[in-house]
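Make a model of the complete structure from these sequences and hints.
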Amino acid sequence: MVRTLLVISLLALVAVPAAAQNYGDGFGVGGVFVPDGTGLIVVKTRLGNSLGVEASASLSTFSNDGSSSTDLALGIAAQKFWSTDDRLQPYFGGRFEIGHSSVDYDEGDLTRDDGGDSDTTFGIIGVLGAEYFISRRLSVEGEAGVGAHFGSFSLSTQTRLAAFLYL
246 MVRTLLVISL LALVAVPAAA QNYGDGFGVG GVFVPDGTGL IVVKTRLGNS
296 LGVEASASLS TFSNDGSSST DLALGIAAQK FWSTDDRLQP YFGGRFEIGH
346 SSVDYDEGDL TRDDGGDSDT TFGIIGVLGA EYFISRRLSV EGEAGVGAHF
396 GSFSLSTQTR LAAFLYL
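First residue of the sequence shown? That's 246 in the numbering used here, and the numbers climb one at a time after it.
In case anyone wonders, no lab produced these hints; they're calculated from the structure. Incorrect hints may appear among the rest.
Said to hold, decoys possible - Derived CB-CB ranges, DEER-like: (1) Y377 x S314: 31 to 37 Å; (2) S308 x D331: 43 to 49 Å; (3) D351 x K325: 26 to 32 Å; (4) S397 x I321: 19 to 25 Å; (5) L412 x D310: 38 to 44 Å; (6) L333 x G396: 32 to 38 Å.
As the structure is a prediction and not an experimental result, all values here were calculated from the model. Ideal placement from N, C-alpha and C gives every residue a C-beta, glycine not left out.
Set out below in structure tokens:
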């Protein structure tokens, strides 16, 4: 239901004429749609013509009979855009992420002898992507990345599809 309302709102904004602004001017506020269920909120802006910065946050909680889990993620990224006047704007850059996840078990759960577990990691990810502007205020973005996470060391690949509304 929420996604349907969001899509309808974004499509309505496409019909509204854009003010005299360039593609990507102002603050972009949006969310990540793929991978599904991430709940990632992203805010981005440009510093000059071709340098962009982005901040992201995600909070996810789950509770079931006898256990609960919480995942928190924060990130900051820098993006270098190849073209800034076109509807399609390819970019490359890097992202720093920090994440914390915890699981708590009910004291009455006889299958577990501890109260829970937690893990904190941080990672550095190189990204390559493109942002396509449907209108001067509305865009979609696709991105692929390769990175390393430390704390519990892992190498990973990432993809995402996001949409942004520029204010």
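Output the indices of the hints that this structure fails to meet, ascending. Hint check: 3 fails alone, others pass.
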